Amino acid sequence: MNLVESRITIIITYTLLGIAAFIALFPIVLMLLNSLKTTPEIALSPLGMPEVPHWNNYVNAWKGANFTRTFFNSAVLMFMTIALVLTTGSLTAYVLARKKVKSWKIVTVYLLATTTAPIQLFLFPLYFGFAKLGLINNIFAVSFVYCAIFSPFSIMLLRTYFLAVPKELEEAALVDGATPWQVFSKVYLPLVWPGLLTVSLIVGLYTWNEFLIATTFLQGPESRTAVVSYFLLSGQYSRDWGDLMAGAMLVSAPIVVLFIFLQRRFIEGITGGSIKG
Amino acid sequence: MYRLFAIPTLIINVSIILLPALLTVVLAFYRWDGISNPTFIGFENFEKLWGDRIFWKALKNNVIWTALFLTFPIAIGLIAASLLMLVRRGRTFFQVVYFLPMIIATVITARIWQGMIYNPQSGIVAMLNRYGYDVRDPLSQTSTALYGVAAADLWHWWGFMAVIFFAAMRQVSQEQIESARIEGANYFQLMRWVMIPAIMPTIALMMVMTVIWSFLVFDFIFIMTQGGPAFTSEVLSTMAYRKAFYELGVGYAAATALVISLFGLTAAFFYIRLQNREDAE
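Note that the protein sequences, when read in sequence, are chains D and H. Each residue of the first sequence is one higher than the one before, starting from 1 at the first, in the numbering used here. Each residue of the second sequence is one higher than the one before, starting from 1 at the first, in the numbering used here.
Warning: the hint list may mix true and false statements.
Only part of the chain D face toward chain H is listed, based on derived beta-carbon distances under 10 Å [to be verified]:
| no. | residue |
| --- | --- |
| 1 | Pro-46 |
| 2 | Met-49 |
| 3 | Leu-91 |
| 4 | Val-109 |
| 5 | Gln-182 |
| 6 | Met-245 |
Covered by chain D, according to a simulated footprint, are these stretches of chain H (three or more residues, beta-carbon under 8 Å) [what the hints assert, rightly or not]:
| no. | stretch |
| --- | --- |
| 7 | 17 to 26 |
| 8 | 85 to 91 |
| 9 | 94 to 107 |
Far from chain H, by Cβ distances over 10 Å, these chain D residues were calculated [stated by the list, open to error]:
| no. | residue |
| --- | --- |
| 10 | Asn-56 |
| 11 | Phe-71 |
| 12 | Val-187 |
Hints were generated in silico from the structure; no laboratory data involved. Because the structure is a prediction, the values reported are computed rather than measured. For every residue, glycine included, the Cβ atom is placed at its ideal position computed from N, Cα and C.
Please put together the full structure from these sequences, using the hints given.
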């Protein structure tokens, strides 16, 4: 709407947008401020500035939630899930975008339907099945569960990138005698990498933050993720809020930093497919 | 040959989601504690659900939740998006700020709200008490626990709606907007007669998704209140989880899961129709 607005309209607009920004940032600022305060300081006022930054909170939180181990677990889980989603998802996205096969319609509807299925619909038999096979506390097995849950929207997102590749490129490669695998790996993959990057970011974010599956399948102290470990820590000593806010900062920091640098991709990926024109 | 390309996805998806989902349907007709052999009991689980006071409470809470999330985030999102359309500077900044709560883990958001806002010893509530305002921790009151959790969820959610609606509004044709402006339409008229109708498909999709997500809500409630106090913030998904893992009633939990899915499936039907209509165009 690049039309001249009256000065007063602009002032009111910015004021309202500013209030909304304040609401969005307020709890985050509380987390930051209080992560550097002692418990008595927090009790005095959650809004006050820390007298001296109490960095020790971060050390306590790091030890309390065993972040050395659990951050590593979260990272391994995240990278395995991303690798699985990218390999299986890009193959499926390619055929759904480019090959006219009658049964594809059923596959698409099935995948869309699974994105709306409640986790509880498959959680209980899956849990007892995993228990029987000895897969509880197995990070590798859980990455398959995430792959199943995150694949459908990843495929739908990737499909649009495959659709954007000119068909002539594929036809030319086929005339030159390329096999289907070569067409996929040599012609398409180099062109759809922005889509692969976006999907990696979103899947990484969701895996890092995920709670329900992680808390159900990864209960052992050696296999817990950072989020679950933080959840258990905050359940135990729920009075040491300085430490707990420091822990919260530690878990969120990697994600927030990445988000601020790559916000365009994050927003595109998370909102992708939601805009209907 | 090309069919092979889709096989890894399908194998993983079918074995993790479809097969266990079908087993859930079967389990709903059994009594099973997760350890011993299941016993077939017909419709007994569903009859028990019908007479379960907590089930009805949970269902009612899901409906309240759906109503809350169909109104507040969508309204706030539309207002914020339309305001963003009016400004030229700072659009990216505001979008990033509004979106930030969305990327923070639920466990973290929940703990910030519990400890820094609602907590009567360390939060904003404690501060207000000191200034003489009589406010209590909403999570500890039976009448307000559900709304206390909803407020935290709402805080992390509305920015997502704002960003989606803003992206949709930016695709409205410039000519349409300008011709309305030349005819003297003010901000409210422009929204009412041009912008909202133009992005209606997006709003409809978000409403369908909101219904689906509202019946799936689990994390915030499980983390902040575990459905309490006295089951006043219980929803169907937390109830099913508790039955299966804490009370050894896997069959009963499966029956509850089927009820959740029924609501989800109805909404999913509309979702798939909206998606396919888009594809056909």
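Cross-check of the supplied hints:
1. Pro-46: Hint on D:Pro-46: holds, closest Cβ of chain H at ~5 Å, below 10 Å.
2. Met-49: With a minimum Cβ separation of about 15 Å from chain H (threshold 10 Å), the hint on D:Met-49 is violated.
3. Leu-91: Interface hint status for D:Leu-91: holds (4 Å vs cutoff 10 Å).
4. Val-109: holds, 6 Å
5. Gln-182: violated, 12 Å
6. Met-245: holds, 7 Å
7. 17 to 26: Satisfied; 7 residues make the cut.
8. 85 to 91: holds (count 5)
9. 94 to 107: n = 14 at 8 Å, threshold three: holds.
10. Asn-56: holds, 18 Å
11. Phe-71: holds, 13 Å
12. Val-187: Given that every Cβ of chain H is farther than 10 Å from that of D:Val-187, nearest at about 14 Å, it holds.
Violation of the numbered hints given earlier is confined to hints 2 and 5; the remaining hints are satisfied by the structure.
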